[in-house]
Amino acid sequence: DTEVTQTPKHLVMGMTNKKSLKCEQHMGHRAMYWYKQKAKKPPELMFVYSYEKLSINESVPSRFSPECPNSSLLNLHLHALQPEDSALYLCASSQHRRETQYFGPGTRLLVL
Amino acid sequence: QQPVQSPQAVILREGEDAVINCSSSKALYSVHWYRQKHGEAPIFLMILLKGGEQKGHDKISASFNEKKQQSSLYLTASQLSYSGTYFCGTERSGTSYGKLTFGQGTILTVHP
Chain A
1 DTEVTQTPKH LVMGMTNKKS LKCEQHMGHR AMYWYKQKAK KPPELMFVYS YEKLSINESV
61 PSRFSPECPN SSLLNLHLHA LQPEDSALYL CASSQHRRET QYFGPGTRLL VL
Chain B
1 QQPVQSPQAV ILREGEDAVI NCSSSKALYS VHWYRQKHGE APIFLMILLK GGEQKGHDKI
61 SASFNEKKQQ SSLYLTASQL SYSGTYFCGT ERSGTSYGKL TFGQGTILTV HP
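So the sequence lines, in the order shown, correspond to chains A and B. The first sequence stops at residue 112 when you use the working numbering, and every number in between is there. The second sequence stops at residue 112 when you use the working numbering, and every number in between is there.
For the record, the hints were derived by calculation from the structure and aren't laboratory data. Remember, it's a predicted structure, so these values are computed and weren't measured experimentally. Please note that a few of the clues may not be correct.
Said to hold, decoys possible - Some chain A residues close to chain B (C-beta under 10 Å, calculated; not the full set):
#, residue
1, Q37
2, F64
3, P69
4, S72
5, S94
6, T100
For glycine and all other residues, C-beta sits at the position ideal for the given N, C-alpha and C.
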């Protein structure tokens, strides 16, 4: 089983809203990732967690706040987003860093 | 630094073969290949590690030339289901464990 689940599938929010994206895996993976993907572009890495600790932050604006409450769960808290933040947000996990990453279906975010 | 994929797009008839290339200017630890269909998550195809190796399963195989920092994905006897955008993701040697940088993608279209 290589399933990564993400909720919600779609999200529309205003620039003053606060919302959260959720990612879950039950494969025992110890590394989890957030990516942002704009239309017709490749995924771009945002954050990497390893053993529930943030190990990579790709200079992401502070309006995006990741959280890893336990080894199975990864959240992305959103606050005061801009319309240009509209994108597909993908979560991925791997057994450890440097190993195969399995992607979830993504959350399609629209910021109005 | 983003790897460079070529070609940008390929159109095939069922049963034809294709090669997609991925090239980096930096020393690589690994190359990961994914296929993504419109509106869906990237699906893992294979991972190649430094040491120069070749892998394959079914009609899809790949090679990694460590000296040239190049990888190629080989699709033989293409099927309609092969249609999608193919991304290579590269991890550089020695830095940022788990950080994948994706190429711009190759759009593959297979016609009956």
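Each hint tested on the structure:
At its closest, the beta carbon of A:Q37 sits 9 Å from a beta carbon of chain B; the interface hint therefore holds under the 10 Å criterion. For A:F64, the interface hint is violated, since its Cβ never comes within 10 Å of a Cβ in chain B; the closest pair sits about 17 Å apart. Taking 10 Å as the C-beta contact cut-off toward chain B, the hint placing A:P69 at the interface is violated, the least distance being around 20 Å. At its closest, the beta carbon of A:S72 sits 18 Å from a beta carbon of chain B; the interface hint therefore is violated under the 10 Å criterion.
Nearest Cβ of chain B to the Cβ of A:S94: about 7 Å, under the 10 Å cut. The hint holds. Restraint check, A:T100 versus chain B: the minimum CB separation of about 5 Å is within 10 Å; hint holds.
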